[in-house]
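Chemist: As a plain string of letters, each chain reads:
4 protein chains.
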Amino acid sequence: MDVFDRLKAEAADDWQSYVSHAFVRRMGDGTLSQGAFRAYLVQDYLFLIQFARAYALAAYKSRTVADITAAQAGLAAILEETALHVRLCGRWGLSPADLEATAEHSTTVAYTRFVLDCGAAGDLLDLHAALAPCVIGYAEIGLALAPDGVAALADHPYRDWIAEYAGDTYQGVAAAARAHLDDLAARTMTERRFPDLARIFGAASRLEADFWQMGLDAA
Amino acid sequence: MDVFDRLKAEAADDWQSYVSHAFVRRMGDGTLSQGAFRAYLVQDYLFLIQFARAYALAAYKSRTVADITAAQAGLAAILEETALHVRLCGRWGLSPADLEATAEHSTTVAYTRFVLDCGAAGDLLDLHAALAPCVIGYAEIGLALAPDGVAALADHPYRDWIAEYAGDTYQGVAAAARAHLDDLAARTMTERRFPDLARIFGAASRLEADFWQMGLDAA
Amino acid sequence: MDVFDRLKAEAADDWQSYVSHAFVRRMGDGTLSQGAFRAYLVQDYLFLIQFARAYALAAYKSRTVADITAAQAGLAAILEETALHVRLCGRWGLSPADLEATAEHSTTVAYTRFVLDCGAAGDLLDLHAALAPCVIGYAEIGLALAPDGVAALADHPYRDWIAEYAGDTYQGVAAAARAHLDDLAARTMTERRFPDLARIFGAASRLEADFWQMGLDAA
Amino acid sequence: MDVFDRLKAEAADDWQSYVSHAFVRRMGDGTLSQGAFRAYLVQDYLFLIQFARAYALAAYKSRTVADITAAQAGLAAILEETALHVRLCGRWGLSPADLEATAEHSTTVAYTRFVLDCGAAGDLLDLHAALAPCVIGYAEIGLALAPDGVAALADHPYRDWIAEYAGDTYQGVAAAARAHLDDLAARTMTERRFPDLARIFGAASRLEADFWQMGLDAA
Chain A
93 MDVFDRLKAE AADDWQSYVS HAFVRRMGDG TLSQGAFRAY LVQDYLFLIQ FARAYALAAY
153 KSRTVADITA AQAGLAAILE ETALHVRLCG RWGLSPADLE ATAEHSTTVA YTRFVLDCGA
213 AGDLLDLHAA LAPCVIGYAE IGLALAPDGV AALADHPYRD WIAEYAGDTY QGVAAAARAH
273 LDDLAARTMT ERRFPDLARI FGAASRLEAD FWQMGLDAA
Chain B
93 MDVFDRLKAE AADDWQSYVS HAFVRRMGDG TLSQGAFRAY LVQDYLFLIQ FARAYALAAY
153 KSRTVADITA AQAGLAAILE ETALHVRLCG RWGLSPADLE ATAEHSTTVA YTRFVLDCGA
213 AGDLLDLHAA LAPCVIGYAE IGLALAPDGV AALADHPYRD WIAEYAGDTY QGVAAAARAH
273 LDDLAARTMT ERRFPDLARI FGAASRLEAD FWQMGLDAA
Chain C
93 MDVFDRLKAE AADDWQSYVS HAFVRRMGDG TLSQGAFRAY LVQDYLFLIQ FARAYALAAY
153 KSRTVADITA AQAGLAAILE ETALHVRLCG RWGLSPADLE ATAEHSTTVA YTRFVLDCGA
213 AGDLLDLHAA LAPCVIGYAE IGLALAPDGV AALADHPYRD WIAEYAGDTY QGVAAAARAH
273 LDDLAARTMT ERRFPDLARI FGAASRLEAD FWQMGLDAA
Chain D
93 MDVFDRLKAE AADDWQSYVS HAFVRRMGDG TLSQGAFRAY LVQDYLFLIQ FARAYALAAY
153 KSRTVADITA AQAGLAAILE ETALHVRLCG RWGLSPADLE ATAEHSTTVA YTRFVLDCGA
213 AGDLLDLHAA LAPCVIGYAE IGLALAPDGV AALADHPYRD WIAEYAGDTY QGVAAAARAH
273 LDDLAARTMT ERRFPDLARI FGAASRLEAD FWQMGLDAA
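Chains as they are written, first to last, in our numbering: chain A, 93 to 311; chain B, 93 to 311; chain C, 93 to 311; chain D, 93 to 311.
Don't take every hint at face value.
Stated by the list, open to error - Example chain A residues on the side facing chain D (calculated, C-beta under 7 Å, incomplete):
| hint | residue |
| --- | --- |
| 1 | Leu-140 |
| 2 | Ile-141 |
| 3 | Ala-144 |
| 4 | Arg-145 |
| 5 | Ala-148 |
| 6 | Leu-149 |
| 7 | Ala-151 |
| 8 | Tyr-152 |
| 9 | Val-157 |
| 10 | Ile-160 |
| 11 | Gln-164 |
Claimed, not checked - To be clear about the criterion: a stretch of chain D counts as covered by chain B if any three or more of its residues have a C-beta under 8 Å from a C-beta of chain B, and this derived list gives those stretches:
| hint | segment |
| --- | --- |
| 12 | 144-155 |
| 13 | 211-218 |
| 14 | 276-283 |
Unchecked claim - Every beta carbon over 10 Å from chain A, so not counted as near; a handful from chain D, in silico:
| hint | residue |
| --- | --- |
| 15 | Arg-98 |
| 16 | Val-116 |
| 17 | Asp-121 |
| 18 | Ala-128 |
| 19 | Ala-131 |
| 20 | Gln-164 |
| 21 | Arg-183 |
| 22 | Trp-184 |
| 23 | Pro-188 |
| 24 | Thr-194 |
| 25 | Leu-235 |
| 26 | Gly-241 |
| 27 | His-248 |
| 28 | Glu-256 |
| 29 | Thr-261 |
What the hints contain is simulated information worked out from the structure, not anything from laboratory work.
For glycine and all other residues, C-beta sits at the position ideal for the given N, C-alpha and C.
Using the sequences and the accompanying hints, generate a full structural model.
Modeler: Laid out in structure tokens, this is it:
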């Protein structure tokens with residue numbers, strides 16, 4: 093059982109409220125309204141700007157060239173992840189400038205600033221425990237929504253999104269994040285810290301569930 | 093027109109959504125349910141813990157003994173402000189340990205971490221622009237709810253709360269915060285910065301309105 | 093063997109270079125020139141301003157009311173410690189404003205910013221490992237320079253300084269810091285972290301030795 | 093007169109102590125001992141690790157995709173700059189691991205942590221004012237040491253170093269940093285702030301001079 097699985101088990105209810113949220117289920121069966129998806133995706137773009145800052149914070153908090161370089165790679169991956177958003181939003185006539193000018197919803201503020209504050213107040217393990225529901229959870233959700241593989245999605249209305257997170261590239265990012273969490277825990281996780289980390293992980297999972305709910309409520 | 097009035101004028105709608113929120117009006121006319129008030133007050137205690145951290149951040153970001161000492165005084169004032177909460181919550185049988193063990197609502201997370209991040213990402217003026225809706229706004233609300241003075245509140249159901257913020261001590265705190273904002277602005281506010289500060293102030297006001305709404309929704 | 097003793101043992105040479113520095117020995121036998129002491133004390137005042145910021149950083153990085161309150165007490169203790177400096181420097185005709193206007197020596201910059209950065213990059217344990225040589229070391233040095241007690245110092249030229257750090261109040265501060273280090277370590281120190289903490293502690297001890305040397309060189 | 097020239101003029105003595113330091117002059121006329129250069133270069137590698145963290149801090153403190161991306165480019169440029177050090181140190185049989193295992197000299201600690209703290213305590217302009225003596229100063233020094241162009245250096249003993257900083261790529265980096273400083277100042281520099289920025293710039297220039305002196309003292 094790796095650290096990620098321990099955190100999931102400890103915060104099982106919070107985790108389920110996130111990965112099995114109605115938004116996710118409806119995206120999976122294709123019944124999610126486009127309005128809900130669009131509201132979500134615009135906020136997710138704003139979300140990623142703050143997540144890029146979180147990886148910059150990880151680089152700042154690093155002490156070795158290897159750790160700085162790894163965090164920089166995470167930052168670069170996030171800036172690339174926004175390309176999906178720009179492409180999809182472009183179909184609706186929204187430019188990156190339109191996206192950046194949109195006000196952040198309070199659920200966007202809540203999760204992103206919570207993550208950033210976990211990093212500022214704590215160490216790299218606290219920061220990555222707060223990032224994990226997003227980084228690793230999206231890979232789990234992507235796989236769950238493509239049970240027969242990405243090719244089988246055919247003309248699924250949310251094919252682009254599912255393919256992005258079910259795809260090999262993103263699965264590799266999530267596997268690396270999981271290994272990184274184990275590495276950080278081996279270095280700095282006492283058993284007495286585990287409940288604090290599980291609290292961070294659980295709170296972040298609830299904030300992710302709120303973020304899905306924001307999409308549903310907006311439609 | 094001091095900086096606070098300029099910020100209020102620039103973010104007028106956000107400001108009104110906060111200071112004239114239904115929660116405030118019902119607290120004023122005494123129709124607010126005790127359940128709503130209690131939900132609010134428990135979260136406000138958790139809120140103040142993070143606000144204490146925000147004043148600690150201000151002390152950390154200061155460069156002179158005078159600025160460090162002023163921020164420390166703010167931190168001490170907040171720790172004292174929690175005494176009101178402990179007293180009122182104690183009447184409902186809640187101890188400080190009970191309060192600290194309560195999970196933060198996402199609206200609590202949103203405003204508090206937004207403020208902390210404004211301070212970490214920006215300078216002292218950014219931090220205080222984000223704090224102002226709370227620090228100075230509560231004084232404005234307190235006065236509005238005690239139009240005939242604190243003595244006239246008699247057996248108003250929310251007399252303790254209103255008297256705290258309408259009282260001379262808190263009014264003095266707010267006046268000092270207002271003067272401090274002017275002082276910081278005189279040192280570091282270019283006109284090109286003003287729209288950014290107004291955006292911070294407006295966002296913080298909306299997050300305060302969400303916080304009141306959380307109280308109503310909980311009842 | 094508590095954590096402080098383990099750190100001292102691991103960084104034994106660096107520790108000795110600090111607590112047995114020629115500046116300390118000459119202060120002890122009264123042969124230290126007043127010029128050297130004065131150069132040291134003026135820089136130590138600037139040093140304490142940054143140490144106050146380090147305790148503010150500890151409060152900011154705290155998550156509970158108890159930890160915030162403890163850090164605030166540390167901050168208050170440091171602001172009081174400056175009273176010794178103001179009193180002694182006042183005898184030489186230097187006001188607090190004169191002291192604050194003095195440029196920081198590079199050794200002052202080195203130690204203070206190193207401590208602050210340990211705290212910003214790491215967690216509370218990293219921060220307190222960097223603070224320990226100063227906070228706890230001064231108590232050890234104070235005791236060593238008053239082997240027959242403070243009363244026996246009579247008209248020792250550095251009686252004020254030695255009495256401050258050998259006195260019961262400061263000895264209590266240092267004992268509390270030592271217990272706090274053990275508490276933090278019990279919560280968050282894996283054995284794999286110990287060498288990193290010892291490196292921080294050793295580097296901080298060397299920077300303290302450089303600080304004494306700065307005093308000697310200035311005379 | 094751009095902001096960089098204003099800062100240089102205001103801190104003229106500190107600036108001269110840095111760009112005209114004996115280490116620079118001897119590097120220019122080829123009389124600098126290899127031991128001094130080597131001591132400098134090993135510490136400069138450790139210095140760049142911290143400077144990479146400073147650019148990560150700039151990305152963390154940014155609010156727009158454009159600013160995050162620009163800071164990330166700066167971080168990447170620094171990681172590339174270390175290639176010069178790895179190449180030159182490799183000639184002496186030193187691996188990157190050897191370099192990272194070397195203890196930081198106190199002058200290395202002083203300048204790097206000063207820069208990081210300016211960024212943590214202040215805003216992006218404070219951070220870049222502290223970085224400027226290094227980023228822009230090295231371009232000025234490089235040009236001064238290659239008055240007849242890089243090609244004319246022929247078999248100059250410090251040809252590699254001089255060519256790096258006198259070369260078009262680095263000159264472009266410095267020109268961009270200068271323009272960035274003007275842009276930040278246009279956004280956030282009041283005239284009342286200028287003396288504070290000049291103090292930061294002057295202190296950073298003195299710490300750079302100390303860094304050269306460390307090289308001379310080591311030989």
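Chemist: Hints first: check each against the structure and report whether it holds.
Modeler: Taking the hints in turn, this is what the structure says about them:
Checking A/Leu-140 against chain D by beta carbon gives a least distance of about 9 Å; that is not within 7 Å, so the hint is violated. Taking 7 Å as the C-beta cut-off, the interface hint given for A/Ile-141 holds, the closest approach to chain D being about 6 Å. For A/Ala-144, the interface hint holds, the least distance from its beta-carbon to any beta-carbon of chain D being 5 Å, beneath 7 Å. Interface hint status for A/Arg-145: upheld, as the beta-carbon distance to the closest one in chain D is roughly 5 Å, under 7 Å.
With 7 Å as the threshold, the beta carbon of A/Ala-148 comes within range of chain D, its nearest partner Cβ sitting at about 3 Å, so the hint holds. For A/Leu-149, the shortest C-beta to C-beta distance to chain D is roughly 5 Å, which falls under 7 Å, so the interface hint holds. Taking 7 Å as the C-beta cut-off, the interface hint given for A/Ala-151 holds, the closest approach to chain D being about 3 Å. For A/Tyr-152, the interface hint holds, since its Cβ comes within 7 Å of a Cβ in chain D; the closest pair sits about 4 Å apart.
Among the interface hints, the one on A/Val-157 holds; its C-beta lies about 6 Å from the nearest C-beta in chain D, closer than the 7 Å criterion. At a threshold of 7 Å, the smallest CB-CB gap from A/Ile-160 to chain D is about 5 Å, leaving the interface hint in force. Interface hint status for A/Gln-164: upheld, as the beta-carbon distance to the closest one in chain D is roughly 6 Å, under 7 Å. Given a C-beta distance limit of less than 8 Å, the hint that chain B covers the segment 144-155 of chain D holds, as 4 residues qualify and 3 suffice.
Here the segment 211-218 of chain D counts 5 residues with a CB under 8 Å from a CB of chain B, which clears the bar of 3, and the coverage holds. Figure legend: the segment 276-283 of chain D, annotated as covered by chain B; annotation consistent (5 residues with Cβ-Cβ distances under 8 Å, at least 3 required). In this structure D/Arg-98 is separated from chain A by more than 10 Å, as the shortest Cβ-Cβ distance comes to about 29 Å. No beta-carbon of chain A is positioned within 10 Å of the beta-carbon of D/Val-116; the least distance is around 27 Å.
Every CB of chain A lies more than 10 Å from the CB of D/Asp-121, the least distance being 34 Å, so the non-interface label holds. The non-interface label for D/Ala-128 is consistent with chain A: the shortest C-beta to C-beta separation is roughly 25 Å, beyond 10 Å. Non-interface call for D/Ala-131 relative to chain A: holds, since the shortest CB-CB distance, roughly 20 Å, exceeds 10 Å. A Cβ of chain A approaches the Cβ of D/Gln-164 within 10 Å, the least distance being about 6 Å, so the stated non-interface status is violated.
At roughly 20 Å from the closest C-beta of chain A, the C-beta of D/Arg-183 stays outside 10 Å, upholding its exclusion from the interface. The beta carbon of D/Trp-184 sits about 19 Å from the closest Cβ of chain A, which is more than 10 Å, so the claim that it is off the interface holds. With a least beta-carbon separation of about 7 Å from chain A, D/Pro-188 fails to lie farther than 10 Å from that chain, contradicting its non-interface assignment. Distance to chain A confirms D/Thr-194 as a non-interface residue, since its nearest Cβ pair spans about 13 Å, more than 10 Å.
Taking the minimum C-beta to C-beta distance to chain A, about 29 Å, the non-interface status of D/Leu-235 holds against the 10 Å cut. Once the 10 Å rule is applied to beta carbons, D/Gly-241 is consistent with being away from chain A; the minimum gap is 33 Å. With a cut of 10 Å on Cβ distances, D/His-248 stays outside the contact zone with chain A, its closest approach being about 29 Å. Chain A leaves D/Glu-256 outside its interface by the beta-carbon criterion, the shortest separation being 19 Å against a cut-off of 10 Å.
For D/Thr-261, the requirement that its beta carbon stay farther than 10 Å from each beta carbon of chain A is met, with the minimum near 20 Å.
Hints 1, 20 and 23, counting from the list given before, are not met by this structure.
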